[in-house]
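My request is simple: use the sequences and hints to build the entire structure.
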Amino acid sequence: MKKLILLTLVVLFVGCPAPTKNAARIYIDQGEYEKAKEQILVGLQQTPGDYELYCLLAKVEIGLGDWIGASKAFQDGIKTDSVKAVNWMLKDKNNISVYWQTFYNAAVASMEDKKYDEALKDIGFCEILDPDDVNIYILRGGIYDKLGNKEMASQAYNKALSIDPENPDAYFLIGKALFEKGLYDSAIVKFDEAIKYYEIKYKRVAKIIFQNLPEIDKNLAQEIIILWVGEKKDDLDELIKVKLGIDAGLNAMKGSIDKFYKTTEGMSRTYYRAGMAYYNLKNDGSALENLVKCLELMPEDFDALFYTGEVLIKTQKYQEAISYFEKITEMKDDDLYAWFYIAVCFTQLKDYNKAIDIYEGKVLVLDPKNIDAMTNLAYVYREMGNNNKSFEYLQKAEKLQKEQ
Numbered sequence: 363m364k365k366l367i368l369l370t371l372v373v374l375f376v377g378c379p380a381p382t383k384n385a386a387r388i389y390i391d392q393g394e395y396e397k398a399k400e401q402i403l404v405g406l407q408q409t410p411g412d413y414e415l416y417c418l419l420a421k422v423e424i425g426l427g428d429w430i431g432a433s434k435a436f437q438d439g440i441k442t443d444s445v446k447a448v449n450w451m452l453k454d455k456n457n458i459s460v461y462w463q464t465f466y467n468a469a470v471a472s473m474e475d476k477k478y479d480e481a482l483k484d485i486g487f488c489e490i491l492d493p494d495d496v497n498i499y500i501l502r503g504g505i506y507d508k509l510g511n512k513e514m515a516s517q518a519y520n521k522a523l524s525i526d527p528e529n530p531d532a533y534f535l536i537g538k539a540l541f542e543k544g545l546y547d548s549a550i551v552k553f554d555e556a557i558k559y560y561e562i563k564y565k566r567v568a569k570i571i572f573q574n575l576p577e578i579d580k581n582l583a584q585e586i587i588i589l590w591v592g593e594k595k596d597d598l599d600e601l602i603k604v605k606l607g608i609d610a611g612l613n614a615m616k617g618s619i620d621k622f623y624k625t626t627e628g629m630s631r632t633y634y635r636a637g638m639a640y641y642n643l644k645n646d647g648s649a650l651e652n653l654v655k656c657l658e659l660m661p662e663d664f665d666a667l668f669y670t671g672e673v674l675i676k677t678q679k680y681q682e683a684i685s686y687f688e689k690i691t692e693m694k695d696d697d698l699y700a701w702f703y704i705a706v707c708f709t710q711l712k713d714y715n716k717a718i719d720i721y722e723g724k725v726l727v728l729d730p731k732n733i734d735a736m737t738n739l740a741y742v743y744r745e746m747g748n749n750n751k752s753f754e755y756l757q758k759a760e761k762l763q764k765e766q
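Under my numbering, the letters of the sequence shown match residues 363 to 766, in that order.
One thing to keep in mind: the hints can contain errors.
Listed below are the simulated DSS-like cross-link pairs for lysine-lysine, each with C-alpha atoms no more than 25 Å apart in a straight line [to be verified]:
{"hint": "1", "residue 1": "Lys446", "residue 2": "Lys483"}
{"hint": "2", "residue 1": "Lys563", "residue 2": "Lys521"}
{"hint": "3", "residue 1": "Lys655", "residue 2": "Lys580"}
{"hint": "4", "residue 1": "Lys716", "residue 2": "Lys758"}
{"hint": "5", "residue 1": "Lys603", "residue 2": "Lys569"}
{"hint": "6", "residue 1": "Lys558", "residue 2": "Lys603"}
{"hint": "7", "residue 1": "Lys605", "residue 2": "Lys655"}
{"hint": "8", "residue 1": "Lys644", "residue 2": "Lys679"}
{"hint": "9", "residue 1": "Lys761", "residue 2": "Lys751"}
{"hint": "10", "residue 1": "Lys543", "residue 2": "Lys563"}
{"hint": "11", "residue 1": "Lys477", "residue 2": "Lys453"}
Distance windows between CB atoms, simulated [to be verified]:
{"hint": "12", "residue 1": "Gly647", "residue 2": "Asp696", "range": "49 to 57 Å"}
{"hint": "13", "residue 1": "Asp479", "residue 2": "Lys712", "range": "41 to 49 Å"}
{"hint": "14", "residue 1": "Asp596", "residue 2": "Ile458", "range": "32 to 40 Å"}
{"hint": "15", "residue 1": "Glu585", "residue 2": "Lys397", "range": "43 to 51 Å"}
{"hint": "16", "residue 1": "Gly647", "residue 2": "Asp479", "range": "44 to 52 Å"}
{"hint": "17", "residue 1": "Ile490", "residue 2": "Asp391", "range": "23 to 31 Å"}
{"hint": "18", "residue 1": "Gly647", "residue 2": "Gly592", "range": "27 to 35 Å"}
{"hint": "19", "residue 1": "Asp492", "residue 2": "Gln408", "range": "29 to 37 Å"}
{"hint": "20", "residue 1": "Asp620", "residue 2": "Asp696", "range": "31 to 39 Å"}
{"hint": "21", "residue 1": "Gln763", "residue 2": "Glu577", "range": "31 to 39 Å"}
{"hint": "22", "residue 1": "Asp597", "residue 2": "Glu561", "range": "22 to 30 Å"}
{"hint": "23", "residue 1": "Gly544", "residue 2": "Glu593", "range": "32 to 40 Å"}
Note that these hints are calculated values from the structure, not bench results. Quantities reported herein were computed from a predicted structural model and do not represent experimental measurements. Each residue gets a CB set at the ideal place from its N, CA and C atoms; glycine is no exception.
In structure tokens, the structure reads:
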């Protein structure tokens with residue numbers, strides 16, 4: 363009888379999970395992830411083929427905020443037993459979204475580190491967990507875009523649109539791919555679709571931000587974006603309380619402000635790309651219209667400021683152009699090209715003294731061997747009747763050209 367009892371006890375003991383695994387689960391439930399990790403690593407030394415230990419390790423890495431580590435642990439578990447490891451994740455229905463986000467974050471991190479193969483693997487696991495999430499295909503398209511595989515990128519973006527036909531990000535990315543191929547007319551069609559759906563999202567989130575105002579205030583919207591980008595939380599909190607009339611301030615509106623910024627940024631970059639598509643098609647009117655709309659949303663966009671100024675110069679609107687280049691110099695005092703174009707504008711306006719001040723006091727200080735500035739100075743001094751100074755700059759320019 364004693365032998366029978368002993369045998370039963372042995373069978374029960376063998377059927378129980380390893381003590382390290384049980385201890386790890388307890389520590390995970392308590393949020394003591396470092397201790398859980400210690401137990402799991404001990405367990406893996408004892409039973410390196412235990413897929414569940416790898417899955418638990420992944421949980422621990424998630425708790426520690428290590429997305430790459432969590433992804434690696436899951437993948438190690440899948441290598442050990444692919445069916446059981448994947449089923450383990452799928453059965454844990456309360457945490458599927460967490461596992462999905464883990465793989466997605468790992469993919470983003472790997473993409474930023476230019477580890478594109480790893481990123482694609484992680485996105486593949488996202489697809490297993492939730493194949494209908496449009497973000498999978500947008501990110502996959504971005505990865506293929508980085509790899510230079512435009513065809514696979516387009517397939518991914520089109521898949522995103524098949525799931526969500528009103529997704530502005532997908533339209534933008536398809537347009538961007540067409541733009542980079544030089545297919546500007548086709549790109550504009552996609553950019554227009556992106557803008558249409560961005561505007562819907564923009565108005566939706568703006569209603570929350572401006573709920574206490576009769577309409578969206580464009581100046582306030584710009585101020586909100588500038589403060590958010592500059593991480594000036596105290597100033598933004600005061601603006602929300604005082605100017606928007608929302609007593610709870612930034613704490614209550616942080617999520618909405620973040621969505622507002624992302625939507626604004628998305629719509630802004632689309633207007634910019636559309637503007638540049640028209641710019642390349644030499645349609646200055648439409649280029650200017652889109653670039654200005656970009657700046658209405660993101661007033662400190664350097665590229666949009668620069669090309670708006672350049673288009674205005676092409677259309678001989680020199681005084682207007684100056685204001686855009688001056689905005690650049692206010693943000694970046696050592697921007698050589700902005701200063702150069704301001705001087706060009708004053709030259710065209712025949713305000714020669716201001717032109718000279720900028721050519722000599724800014725452009726040549728930043729770039730003492732700038733041949734274009736010297737050539738323009740030669741022209742300005744000649745127009746002012748100072749032939750000696752004009753000849754001096756011509757000689758300097760010719761000498762530099764010979765040295766190159």
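Checked hints:
no., hint, in the structure
1, Lys446 to Lys483, "18 Å, holds"
2, Lys563 to Lys521, "21 Å, holds"
3, Lys655 to Lys580, "11 Å, holds"
4, Lys716 to Lys758, "21 Å, holds"
5, Lys603 to Lys569, "16 Å, holds"
6, Lys558 to Lys603, "31 Å, violated"
7, Lys605 to Lys655, "24 Å, holds"
8, Lys644 to Lys679, "17 Å, holds"
9, Lys761 to Lys751, "16 Å, holds"
10, Lys543 to Lys563, "29 Å, violated"
11, Lys477 to Lys453, "30 Å, violated"
12, Gly647 to Asp696: 49 to 57 Å, "32 Å, violated"
13, Asp479 to Lys712: 41 to 49 Å, "60 Å, violated"
14, Asp596 to Ile458: 32 to 40 Å, "39 Å, holds"
15, Glu585 to Lys397: 43 to 51 Å, "48 Å, holds"
16, Gly647 to Asp479: 44 to 52 Å, "45 Å, holds"
17, Ile490 to Asp391: 23 to 31 Å, "26 Å, holds"
18, Gly647 to Gly592: 27 to 35 Å, "33 Å, holds"
19, Asp492 to Gln408: 29 to 37 Å, "34 Å, holds"
20, Asp620 to Asp696: 31 to 39 Å, "32 Å, holds"
21, Gln763 to Glu577: 31 to 39 Å, "57 Å, violated"
22, Asp597 to Glu561: 22 to 30 Å, "28 Å, holds"
23, Gly544 to Glu593: 32 to 40 Å, "38 Å, holds"
The structure is inconsistent with the numbered hints 6, 10, 11, 12, 13, 21, although it conforms to all the rest.
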